[in-house]
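Asks: All chains should be modelled from the sequences, with the hints used to inform the complete structure.
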Amino acid sequence: MEQEVKKVDDNPNMHPNDLLPSYLEGSLSADEQDVVRRHIQQCQECSTELDSLAPVLKILSTEKEVFCPEPLALYEFIENGFDPDGTVASHVDRCALCRSEVAFYKEGPKRDLLPSQIKEALNRAYPKTSIARDSGFKKVLARIRDRLSSLSGFRGFALGAALAAILAVVLIYPQGSDNTFIGVSGVDWEDDIPVAKSVLSESGSDKKNAAEGIADSILRKKTQGSPDPGMVNPKVAAVVLFNGFKKPFPESIVADLYEALRPDHKLNKQFVFIPPLQLKNFLDKLRDENLSSTKALTKFYKESSITFALVLNVENQEGKFGLKTAVIDARNGKILVESFKNDIPGTELASAVENSWSLFENVKVELQPD
Amino acid sequence: MASIDETRDVTLVGQCLSGSEHAWSEFYSRFERLIRMVVGRRLHISGDDAEDVVHDVFISLMSALKNYDPSYSLQNFVCTIAERICVDHYRFSKAVKRNADTQSLDDEDSDLENRVIKYSSQILQEDALIHAQESEMVKLSLRLINTRCRELLRLRYYDEAPYSMIGQIQGITENTATVQTARCIRELRKIHQELVKSWNKK
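Read top to bottom, the protein sequences are chains A and B.
Here numbering that gives the first Met the number 0 is used: the first residue of the first sequence is 0, the next is one more, and so on.
Here numbering that gives the first Met the number 0 is used: the first residue of the second sequence is 0, the next is one more, and so on.
No lab work stands behind these hints: they were computed from the structure.
As the structure is a computational prediction, the values presented were derived from the model and not from experiment.
Some hints here could point you the wrong way.
Said to hold, decoys possible - Okay, derived cross-link-like pairs now, BS3-like style, lysine-lysine, Cα gap no bigger than 27 Å in a straight line:
{"hint": "1", "chain 1": "A", "residue 1": "K294", "chain 2": "A", "residue 2": "K284"}
{"hint": "2", "chain 1": "B", "residue 1": "K196", "chain 2": "A", "residue 2": "K63"}
{"hint": "3", "chain 1": "B", "residue 1": "K189", "chain 2": "A", "residue 2": "K6"}
{"hint": "4", "chain 1": "A", "residue 1": "K63", "chain 2": "B", "residue 2": "K189"}
{"hint": "5", "chain 1": "A", "residue 1": "K294", "chain 2": "A", "residue 2": "K340"}
{"hint": "6", "chain 1": "A", "residue 1": "K63", "chain 2": "B", "residue 2": "K138"}
{"hint": "7", "chain 1": "A", "residue 1": "K5", "chain 2": "A", "residue 2": "K63"}
{"hint": "8", "chain 1": "A", "residue 1": "K340", "chain 2": "B", "residue 2": "K65"}
{"hint": "9", "chain 1": "A", "residue 1": "K323", "chain 2": "B", "residue 2": "K65"}
{"hint": "10", "chain 1": "A", "residue 1": "K294", "chain 2": "A", "residue 2": "K333"}
{"hint": "11", "chain 1": "A", "residue 1": "K57", "chain 2": "B", "residue 2": "K189"}
{"hint": "12", "chain 1": "A", "residue 1": "K279", "chain 2": "A", "residue 2": "K268"}
{"hint": "13", "chain 1": "A", "residue 1": "K265", "chain 2": "B", "residue 2": "K189"}
{"hint": "14", "chain 1": "B", "residue 1": "K65", "chain 2": "A", "residue 2": "K118"}
{"hint": "15", "chain 1": "A", "residue 1": "K301", "chain 2": "A", "residue 2": "K284"}
{"hint": "16", "chain 1": "A", "residue 1": "K57", "chain 2": "A", "residue 2": "K105"}
Replies: As structure tokens, this is what we get:
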């Protein structure tokens, strides 16, 4: 720096731009500070430059946080290990603030439930249509949660070990070799809505909704299987498959999953739903043929004239469940839309299953005339 | 072909837009801590105040999600919305402070000491907000400057390394390290000024 200072001292028109930060930091020698100070006192341009540099330099010197990685970079680092040049990891090692943020992210309380404020906003943005359905399904879900919790013995479970102890009757098809089992159940969606009976015990305005629910179910029973002439509603089946489980699922749980899949009134107006009982009866007839689950389902779709299938693949994920949900065009096996969810606790499996029909909203129906 | 993650994101967004509470629970669980990080960093608040802003972000996402472009990552989109809400909150806070300052003294407590304390704390709060905003501008400027300058400035001002050590690390002389760092500071200042100018236009 001595050379630069000398140049400035020798030539008053030479601006000490490269010296200004050091001048502000006070890291020049006393003589060098004097030279620069004298110049600044006589040079408006350098004086202005100094005034503009000072606040930036102050922040750089005093606010270490400005060097911290952005929240998104930290998120990618924590979630995906993304740190191509190692700067994030290196910074986190040295920065107490970032280290505490990473620690809180990894070990802090995980919030899974929607706060009431957000739930209310969600209900305003997407109002629910039927109180009867909600309250009834909540009871079904509560029943399923209780059953799955009792399998593990505690809420946050070891399902594999619990399943090994179960001696309940198993209704799983097939005996084939592809390690995928079709869950079969005697659930018949054409029965009266169970929710109607339970809601009747509610008080006040829920009774009115319950009455409407019963009326709708009666109407549905009259119209199901006998659509208006000229109107062709596609046939839809729901199939629950189980992958990677060493021991089969109890029938009661399979039944509850299919119960959670019971389609609502809105869907019933658009599609003809084949109840799980019908799938069970069809597969019972095929037991002697020893078909794989894939072939058995293909045969079921064809012979029952199914147009769409909602297929739920429940996977064993070391004590938790994975759920792969797909809407399939049963006429050609094409997957129309899919969704995945991993690491589902047993107590939340039914909730995850319940919302599967929402995938249908993304499906464009192309119907062939009869 | 979309990756599994991209497919999952699109599917999740689709389910959220259909109003699925379960999908929104998953969305909340996945992004709540990221949004909390953004809010904490940008607004320097925590606790209930941060909670309110985090909720505002999710509520805003209920309508913003329909504009999600799958060619960008979902976390990137969520971060952008969170930053926008933080900016709104910052501007709202500034406006509230500005309006409070223009209130007539007759409206305030008659006790002069209390009035002084009240205005002092208001000034302190406003100062804190202004300072936080300036820091954010410098931080943003650091993101926009070239990589080499960012590294030099990090060595000098974060690691507090002397120029001799910077020179050794970079393979240059001490004098060159000093000159290059000075030029990077000036470059940073230039970017900072442009950001402040465009911010003040809004």
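Asks: Could you run down the list of hints and mark each one as holding or not?
Replies: Against the structure, the hints come out as follows:
1. K294/A - K284/A: Within the cut-off at roughly 14 Å; holds.
2. K196/B - K63/A: holds (24 Å)
3. K189/B - K6/A: Within the cut-off at roughly 25 Å; holds.
4. K63/A - K189/B: Answer holds: K63/A to K189/B is near 20 Å, not above 27 Å.
5. K294/A - K340/A: Satisfied, since the Cα-Cα distance of roughly 26 Å is no more than 27 Å.
6. K63/A - K138/B: Judged against 27 Å, a Cα distance of about 10 Å means the pair holds.
7. K5/A - K63/A: violated (34 Å)
8. K340/A - K65/B: Distance ~21 Å between K340/A and K65/B Cα, so the pair holds.
9. K323/A - K65/B: holds (24 Å)
10. K294/A - K333/A: holds (15 Å)
11. K57/A - K189/B: Holds: K57/A and K189/B sit about 15 Å apart, inside 27 Å.
12. K279/A - K268/A: holds (24 Å)
13. K265/A - K189/B: The given pair, whose Cα atoms are some 60 Å apart, is violated under the 27 Å limit.
14. K65/B - K118/A: holds (18 Å)
15. K301/A - K284/A: holds (15 Å)
16. K57/A - K105/A: Violated. K57/A to K105/A sits at ~33 Å, over the 27 Å cutoff.
The structure fails to meet hints 7, 13 and 16 from the earlier list, while all remaining hints are met.
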